[in-house]
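Could you slot chain F onto chain W? The hints should help.
Chains as they are written, first to last, in my numbering: chain W, 1 to 272; chain F, 273 to 619.
Heads up, a few of these hints could be off.
[Unchecked claim] Pairwise CB distance ranges, derived in the manner of DEER restraints:
1) F:Thr420 x W:Arg15: 30 to 38 Å
2) W:Asp145 x F:Leu322: 47 to 55 Å
3) W:Tyr162 x F:Asp294: 25 to 33 Å
4) W:Thr191 x F:Leu614: 31 to 39 Å
Keep in mind that the hints were calculated from the coordinates and are not lab data. In this text, a Cβ means the ideal position worked out from N, Cα and C, and glycines have one as well.
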Amino acid sequence: MGAGVPLVDVVLSVRGLTLRFAGVLAVWDVSFSLHAGELLGIIGPNGAGKTSVLNCINGFYRPQAGRISFLGRDITHLPPHTRAHLGISRTFQNIALYPHMTVLQNILSGRLAHMHSSLLSCGVYWGFAQREVLQHRQRVEEIIDFLEIEPYRDQRVAELPYGIQKKVELGRALAMEPRLLLLDEPMAGMTVDEKADMARYILELREVHGLPMILIEHDMGVVMDLCDRILAMDYGRKIAEGPPEEIQNHPDVIRAYLGEEHGVAEGVAGGA
Amino acid sequence: MAYARPCGDFKTSYAQDMALLDIRLYRWGFAVLLVALALAPWALGRWIYLLNDIAIFAIGATGLSLVMGFAGQISLGHAAFMAVGAYTSWFVTSQLRLPFAIALPLSALVAFAVGAVVGLPSLRIKGLYLAIATLAFQFLVEYLVVQTVSGMGGTPVPSMDLLGVPVNTEVRFWYLVATVWVLGAVFATNLTRTRVGLALMAVRDRDYAAQVLGVNLLYYKTLAFALGAAYAGVAGSLFAHYNRVIGAEHFSLAQSIDFVAMLVIGGLGSVWGPHLGAAFVRVLTQLLKMWAPALGALLPVLGRATTSVHDIVFGVVLIAFLIWEPGGLATLLRKLKRYVDLWPFPH
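Bound-form chain W, shown alone (with noise of 0.2 Å):
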């Protein structure tokens, strides 16, 4: 994936970062670094935050303050397109695929990124543009591939159902071939079946491709199996980072979660 660029062990360095609604906190003061081939996964309740860092990372909110930096280069003030060119991809918490278009143009738009045929000539078609459309129908059907989607190629998205959404959605983001992958809740309201499957995905991207990921997950033994380290929030602070035996047993994670009570010492570890 990372051919040609220098080697940087963090890919992705997010320092201080503060992001406030009128009167709400919804971010404040997070920090924290995600090196190469790196799976991190945020926790955290509802609206603790965590789609707010990602929507700062990827561009859709301008922060107060704080500084974000990619592949070393500071990108806190680059609109999202440009971010997307420089490499981060995503997928959303509520699909956001094209409804109106084929599983195929779904993915092929994912590689946009990539095209530079001119008006002209994708007007003209025959010549230039032709063979960089096939050029990019061959990595998508890589992709399709991959996943699993064959037979839903020439339908239309808001035909399907959700489980096969959420794999296109996946498809989409890896067409643009991303440096990073910010993943939100990508296995909610799927089936054990299906979640399992998307679990298989999402390590076959990191062990294979060595793809540094940021996961949002509320599943639990989901986020503690797969990821590599762990970030904690609630309201809007990051309350806890580690490895995730030690995220299990945070005394504030466990607060975060059940509450203030006393005798609730041991974990969350057990089941959730």
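This is chain F only, laid out in the frame that chain W set:
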């Protein structure tokens, strides 16, 4: 939508899969269509003027289809872009005394530039508000036309000459406009299956996701308006030299709304939509024009209502399409083809 493929017609490469006319039947069909267009003057006789009229407006509607059908941006000022093209062409041929062969591309370029400027607000305003912003442009152009060039009457436009051949008959104009029509339609269709079209559809379907995946919203939204305006500019230039007189009434708000009607009736987001819609709307308009006096004579009760029979019929047709077939004629045809393919089975 699943469809039945004919036997023995296989695809063995992605290039074949992405071809516009991907099965033999379509290739033959398209060839027959082209031959039919070439022979139309013989078949239609003096009625060829109807096809000329349809062609001009179909070119304009193709532009609006890129703006509304593919990029999802509403525009109520499409006739104003047509005016920009028409008056550019008039200025270039009658004031600068340059040939039509230069005036036509220049009209497209000027309209392209004006479209890009008018499209700028679309980055910040959406839906109804954008409609009103484009409406303001429509009125501005109408006002300019009345106050500066044409007044309440019309401006005469010189006849055209293409590489020394005077285009002075309906049949000659037909070959000119049909060439532009087919080339323009193919160009727009190619756009929809490459970088530009994918980006426009992404913006239409979900602009924030498109942005996150590397689509520059400002660039593509203004590009959509500019492209749409360029098509309208070409249509305007052709109209000016065909009609030989242009005035504010030809590029009124009613005409802009007719363009929207063509898209809705033909089918939004379909490459055949604008052509089917333009044909439907123009033929219906001409028929109503012919029948209105007869209707008044037949039913004197209607009285002066017959003068607005056009508006009444169009209102009803639009509402009927929106209720029963929002996909327009294009979807209707696709359903028909599917029915024929599968007959005698229902599924």
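Determine which of the earlier numbered hints do not hold for this structure and return their numbers in increasing order. Of the numbered hints, just 1 does not hold.
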